[in-house]
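There are 2 protein chains.
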Amino acid sequence: MLDTLQNKNVLVTGGLGFIGSNLAIRLVELGANVTVIDSLIPESGGNKFNVSPIESEIEINNGDLRDAEMLSKAVVGMDYVFHLAGQVSHGDSMRDPELDLGMNCISSLNLVEACRHNCPDTRIVYTSTRQVYGVPQELPVTEAHPTLPVDVNGINKLAAEYYHLLYDRTYGLKSTVLRLTNTYGPRQQIRNNRQGFAGIFIRKSLQGEAIQIFGDGEQRRDFNYVDDVVEAILLAGCNEACFGDVFNLGAPAHYSLNEFIDALKTYRDFESSKISFPDDKKLIDIGDYYGDYSAFKRVTGWDPKVDLNEGLGRTLEFYQKYQKVYLS
Amino acid sequence: MLDTLQNKNVLVTGGLGFIGSNLAIRLVELGANVTVIDSLIPESGGNKFNVSPIESEIEINNGDLRDAEMLSKAVVGMDYVFHLAGQVSHGDSMRDPELDLGMNCISSLNLVEACRHNCPDTRIVYTSTRQVYGVPQELPVTEAHPTLPVDVNGINKLAAEYYHLLYDRTYGLKSTVLRLTNTYGPRQQIRNNRQGFAGIFIRKSLQGEAIQIFGDGEQRRDFNYVDDVVEAILLAGCNEACFGDVFNLGAPAHYSLNEFIDALKTYRDFESSKISFPDDKKLIDIGDYYGDYSAFKRVTGWDPKVDLNEGLGRTLEFYQKYQKVYLS
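In the order they appear, the protein sequences are chains A and B. Read in order, the letters of the first sequence correspond to residues 1 to 328 in our numbering. Read in order, the letters of the second sequence correspond to residues 1001 to 1328 in our numbering.
Derived by calculation from the structure, the hints in this document are not laboratory data. Treat the hints loosely; a few may be bogus.
Said to hold, decoys possible - A few chain A residues that face chain B, going by a derived Cβ cut-off under 7 Å, partial list only:
1) L99
2) L283
3) I286
4) Y322
5) V325
As the list claims (entries may be wrong) - Cut-off 25 Å, straight-line C-alpha distance, at most; resulting in silico cross-link-like pairs (DMTMM-like, lysine to aspartate or glutamate):
6) A/K204 with A/D280
7) B/K1324 with B/E1271
8) A/K281 with B/D1121
9) B/K1281 with A/D96
10) A/K281 with B/D1245
11) A/K73 with B/E1098
12) B/K1281 with A/E209
13) A/K274 with A/D227
14) B/K1324 with B/E1043
15) B/K1073 with B/E1055
16) A/K282 with B/D1121
17) A/K8 with A/D227
18) B/K1274 with B/D1292
19) A/K73 with B/D1262
20) B/K1281 with A/D168
21) B/K1073 with A/D245
22) B/K1281 with B/D1067
23) A/K282 with B/E1098
24) B/K1282 with A/D96
For every residue, glycine included, the Cβ atom is placed at its ideal position computed from N, Cα and C.
Please take these sequences and the hints and turn them into a complete structure.
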């Protein structure tokens, strides 16, 4: 099915970031003509090294999606738009809510407007987040679960979802939304603490630093290795049945933070301990979360292939090889 | 219960607009110290004449809520904030979605941020809209109904709701949200078509112009006279049990558009006819809507007092008296 991407014009927003760069690399393998947009906002995860394997084969645009005029030109002729750009830090969204609004809402609204007017036949995949649900009322969380975000980021990502769905229904701009859960793997920004605990724990394990777990460590999560997420995004874009709808990603197994730490310890030596939740973190913590991804599996056949142990092994190998880029 | 507002410092955003000005007048009657903020954006409904009965008794600030710095100063010392400012036209939100985002999302985020930092003990009532539900899946619509807005305005108002609820839960900033339905009455901007069909029909009936109904006219709606809505807003602000939650307004009776026209015809002579829906209107039409307001009634005792016939009589009398201001 992904053969259909060969020779297609594809735009990846946030294409120098974690998932975006892995997606761009896979798209080049599939024979697509890839353009990435990434404004390389400091600390947010974009990094030119991420696309070094394909640098000569892609176009790189360092525009900012909040610039509607830039975007109107950038989307012309695109067959597919994978919209991954955005602010992802829950904590940052509480410290600077208006920046989060700009990077998630204004950017997304600009994108669907640009596509509607300049490439109305394109297909759009928007990567949202399980954060839109807030604290799960029941597990696993299905797409029908109420949305009550616990931070500004969840609210703004939800609004961005709605723009995509509205433009699909109203203007026929084919758009689908994936709600990602904890994604980990190569090319994630792990230098600072902005991209979730998986990256933080991976960094500390590599540096041999002690890991502090907030709470008792029994919070359960579902983890997706980035290659599986890339596959999901591509399948969503190539599957007509996905448009106009929202789908969870997820994993067949769920792990507690303690189990995640144990898996890391099979590869690396480090100390770990438990401390009580800092106030600002507790406020936006959602407790246990794992998603029901059966709807997406039914429509696309997607099922994650890389289990946590294997994925962590590959991830650690990558960062050990490129530690000068990602850690120093 | 509303006696508690006496001598309190009260801010009404959008206070020169339709509901805002009626609210400000009532607040002055109740003995509150009233400040209104209204940037008088052309065509959006703000009108200094609206507050002429109380002009010498209130402060008027013509700042724009998108200006965070202005707002930070304006909220200092406020005991209550009634947040009514916003873009309300569904059609305009589709024609200029970014303006709607600014007037609804950025403004509301600025407001809760300003209050959190500068008047953390204030009480906030945010007036949202039934438009957040989209097309009703069942009637009457309760607050648990899924939210799937059919226009950009509904999406942005929903995000603004979430900001208020989040700041209530996370920072203890007491906030409640009312989802208003079709409100009509004196001081509505009826000169252009931006504030819903009730205002349009009222204008045409006053001018003796023929009214064209889109579709068969059997779409049912619930109508609230503005005095009842003002009472609801005040009760919400004075009732501790409302904070942190969302409530529908509504009416004990529902009327079709044909019945609304018939009620107007008991007062005025005009022709009416039916035409098929224009494409741009059909796209964002929600069909029948009426809300279940039993939750709000249970908590506050609120029940609309003015029925459609009486309300239309009072409304027409007002506009006949002041037609130079509102119609010419």
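Checklist entry - Straight-line Cα separation of B/K1274 and B/D1292 no greater than 25 Å? => result violated (29 Å)
Next on the checklist: Does A/Y322 hold up as a contact with chain B if the rule is Cβ-Cβ below 7 Å?
Outcome noted: Interface hint status for A/Y322: violated (38 Å vs cutoff 7 Å).
Checklist entry - Would the pair B/K1073 and A/D245 pass a check requiring their Cα atoms to be no farther apart than 25 Å? => result violated (43 Å)
Item to check | Agreement of A/K274 and A/D227 with the hint, judged by alpha carbon distance not exceeding 25 Å | outcome: It is violated: about 31 Å lies between the C-alpha atoms, which goes past 25 Å.
Item to check | Agreement of A/K282 and B/E1098 with the hint, judged by alpha carbon distance not exceeding 25 Å | outcome: violated (34 Å)
Checklist entry - Is A/K282 close enough to B/D1121, meaning Cα to Cα at most 25 Å? => result holds (22 Å)
Next on the checklist: What's the verdict on A/K8 and A/D227, does the C-alpha distance respect the 25 Å limit or exceed it?
Outcome noted: holds (21 Å)
Checklist entry - Given the proposed pairing of B/K1281 with A/D96, does the C-alpha separation stay at or below 25 Å? => result violated (37 Å)
Next on the checklist: Check the hint pairing A/K204 with A/D280 against an upper bound of 25 Å on the C-alpha distance.
Outcome noted: OK: A/K204 and A/D280 at ~21 Å, within 25 Å.
Item to check | A/K281 paired with B/D1245 [C-alpha distance capped at 25 Å] | outcome: holds (23 Å)
Item to check | Restraint status (C-alpha distance of B/K1281 to A/D168 at most 25 Å) | outcome: Holds: B/K1281 and A/D168 sit about 17 Å apart, inside 25 Å.
Next on the checklist: For the restraint on A/L99, tell me whether the closest CB of chain B is nearer than 7 Å.
Outcome noted: violated (11 Å)
Checked against the numbered hints above, the structure breaks hints 1, 3, 4, 5, 9, 12, 13, 18, 19, 21, 22, 23, 24 and satisfies the rest.
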